[in-house]
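Trainee: Going line by line, the protein sequences match chains A and B.
Number 425 in this note's numbering belongs to position 60 of the first sequence; there are no gaps in the numbering.
Number 95 in this note's numbering belongs to position 94 of the second sequence; there are no gaps in the numbering.
Keep in mind that the hints are not guaranteed to be accurate.
Not close to chain A: a few residues of chain B, all C-beta gaps over 12 angstroms, as computed [unchecked claim]:
#1 Lys12
#2 Lys16
#3 Gly17
#4 Glu21
#5 Gly29
#6 Thr53
#7 Asn63
#8 Glu72
#9 Arg85
#10 Asp87
#11 Ser88
Partner residues aside, some chain B positions facing chain A, computed with beta carbon under 10 angstroms [to be verified]:
#12 Gln7
#13 Gly41
#14 Ala94
#15 Ser96
Heads up, incomplete: computed chain B residues facing chain A, CB under 7 angstroms, no partners named [said to hold, decoys possible]:
#16 Gln42
#17 Gly43
#18 Pro44
#19 Phe46
#20 Tyr49
#21 Ser102
#22 Thr105
#23 Phe108
#24 Pro110
In short, the hints are calculated from the structure, not lab data.
Glycine is no exception: its CB is placed at the ideal position from the N, C-alpha and C atoms.
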Amino acid sequence: AQSVTQLGSHVSVSEGALVLLRCNYSSSVPPYLFWYVQYPNQGLQLLLKYTSAATLVKGINGFEAEFKKSETSFHLTKPSAHMSDAAEYFCAVTSRRALTFGSGTRLQVQP
Amino acid sequence: GAGVSQTPSNKVTEKGKYVELRCDPISGHTALYWYRQSLGQGPEFLIYFQGTGAADDSGLPNDRFFAVRPEGSVSTLKIQRTERGDSAVYLCASSLIAGASTDTQYFGPGTRLTVL
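Pulled out of the complex, with its shape left as it was, chain B reads as follows (with noise of 0.2 angstroms):
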């Protein structure tokens, strides 16, 4: 069956624009989660959806940061007045189980942001 899909595959942008990023789980998966990779590093963790409701938005670094998932699937990350620090790739994951640590995470290829 169809992955996890992640568009745009890339977003170049200028400081101060607004940007959305999209991520569609695979069907029937009730977690949902966003990471943000830089270069070098390792996934850092952002956001989770049990559902529809945030469930932990720890990870977001700041207000200008949000994410959606109105009806339980698709979801979006939102990024007001960008800054060439939120250059990275962003990559959302799904799993079966919401609030099963266990539970294996399906990445998606990831959305690489590049802030001028």
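Looking at chain A on its own, in the form it has when it is part of the complex (with noise of 0.2 angstroms):
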């Protein structure tokens, strides 16, 4: 079986500082790993995706992420944060063509 786990439901930062949302993964067979955002009262929208094409991944809205195998990880990261940025974060891993979630991570961004 896969699985993700989040380290950290929420993180605050300041408009400016770096973010990095942590996720690490648990599997059997080489993963396929995914970053979604969740804006309040919206659908999941993807971010980005790592599918062994390359181990850094650039997303969307200045996202990117490392896929790390020594570590299991694949951490998120922005090197400057707007206050747009708030939102959830969820990392996902495929299992059988589904997608298996962590339980996510709330960025709150402050003036």
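Join these two chains into a complex; the hints should help.
Mentor: See the structure below:
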């Protein structure tokens, strides 16, 4: 079975500061990993995905994530937070084509 | 183009009643997924359709839950004898290529089900 663990249910950063959201995965086979963002009262939107082509993946809105097999991690980063980045972020891994999600991290951006 | 749509956006029902939740996937998408998201949790997989058939229904919690996709497009999630524990947001997603783990799943806004 595959699973993901998101460390920190809430993260607060100041506007302009680095954003780091942590995700560790467990998988017996090479995983495919995803980050989704959920804004209030909206559906999940794909930020980026790792499909084994490159370990550093760039996504939308300035986010990127690096796949580190030795650490079983796929942390999400953004160099400079904007107020508009406030949302809930979910890491996910594929499991028989369906996605297995982590419990989410709520990002707050302070002015 | 149009994204995944779900109706109704909100549904309030009484314990023991029957409900149907509808999902309209993106046109041309072969694969369709249902997930359930409880408060404070990530979405949990319920069922996956490849065309008209349910390719994987291992996430359905019990036999009160059933889903159909008779023409390979619109899908309906059906819940019989609803219980208060069924209260959650039910999400639908579709993807272009059935059977491709790397294919992006596009999510609808969800149906918030409240069972009183």
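Trainee: All hints are to be evaluated individually against the structure, with a verdict given for each.
Mentor: Hint check:
Listed as outside the interface, lysine 12 (chain B) is consistent with that label: its C-beta sits roughly 16 angstroms from the nearest C-beta of chain A, beyond the 12 angstroms cut-off. For lysine 16 (chain B), the non-interface assignment is confirmed: its Cβ lies about 26 angstroms from the closest Cβ of chain A, beyond the 12 angstroms cut-off. No beta-carbon of chain A comes within 12 angstroms of the beta-carbon of glycine 17 (chain B); the shortest separation is about 29 angstroms. No beta-carbon of chain A comes within 12 angstroms of the beta-carbon of glutamate 21 (chain B); the shortest separation is about 20 angstroms.
Against the 12 angstroms criterion, glycine 29 (chain B) stays outside the reach of chain A, whose nearest CB is about 18 angstroms from its own CB. Taking the minimum C-beta to C-beta distance to chain A, about 16 angstroms, the non-interface status of threonine 53 (chain B) holds against the 12 angstroms cut. Distance check on asparagine 63 (chain B): its Cβ is at least 18 angstroms (rounded) from any Cβ of chain A, clearing the 12 angstroms threshold; non-interface status holds. Listed as outside the interface, glutamate 72 (chain B) is consistent with that label: its C-beta sits roughly 21 angstroms from the nearest C-beta of chain A, beyond the 12 angstroms cut-off.
Non-interface status of arginine 85 (chain B) relative to chain A is upheld: no Cβ of that chain comes within 12 angstroms, the nearest being about 22 angstroms off. At the 12 angstroms boundary, the C-beta of aspartate 87 (chain B) stays outside the reach of chain A, the nearest C-beta of that chain being 19 angstroms off. Taking the minimum C-beta to C-beta distance to chain A, about 17 angstroms, the non-interface status of serine 88 (chain B) holds against the 12 angstroms cut. Among the interface hints, the one on glutamine 7 (chain B) holds; its C-beta lies about 9 angstroms from the nearest C-beta in chain A, closer than the 10 angstroms criterion.
The beta carbon of glycine 41 (chain B) comes within 7 angstroms of a beta carbon in chain A, closer than 10 angstroms, and the hint placing it at the interface holds. At about 8 angstroms, the closest approach between the beta carbon of alanine 94 (chain B) and any beta carbon in chain A falls short of 10 angstroms, and the interface hint on this residue holds. Annotation: serine 96 (chain B) was flagged as interfacial toward chain A, and the flag holds, the nearest CB pair being 9 angstroms apart, inside 10 angstroms. Given the 7 angstroms rule on beta carbons, the hint for glutamine 42 (chain B) holds: about 6 angstroms separates it from the nearest Cβ of chain A.
With a cut of 7 angstroms, the hint placing glycine 43 (chain B) at the interface with chain A holds, because the nearest CB-to-CB distance is about 3 angstroms. The criterion of a C-beta within 7 angstroms of any C-beta in chain A is met by proline 44 (chain B), whose closest approach is roughly 5 angstroms, and the hint holds. Look at phenylalanine 46 (chain B): its Cβ gets to within about 4 angstroms of chain A, closer than 7 angstroms, so that hint holds up. Hint status for tyrosine 49 (chain B): holds, given a least beta-carbon distance of 5 angstroms to chain A, under 7 angstroms.
The beta carbon of serine 102 (chain B) comes within 4 angstroms of a beta carbon in chain A, closer than 7 angstroms, and the hint placing it at the interface holds. Restraint check, threonine 105 (chain B) versus chain A: the minimum CB separation of about 5 angstroms is within 7 angstroms; hint holds. Proximity of phenylalanine 108 (chain B) to chain A holds as hinted, the smallest CB-CB distance being about 4 angstroms (cut-off 7 angstroms). At its closest, the beta carbon of proline 110 (chain B) sits 5 angstroms from a beta carbon of chain A; the interface hint therefore holds under the 7 angstroms criterion.
Of the numbered hints given earlier, the model fails none.
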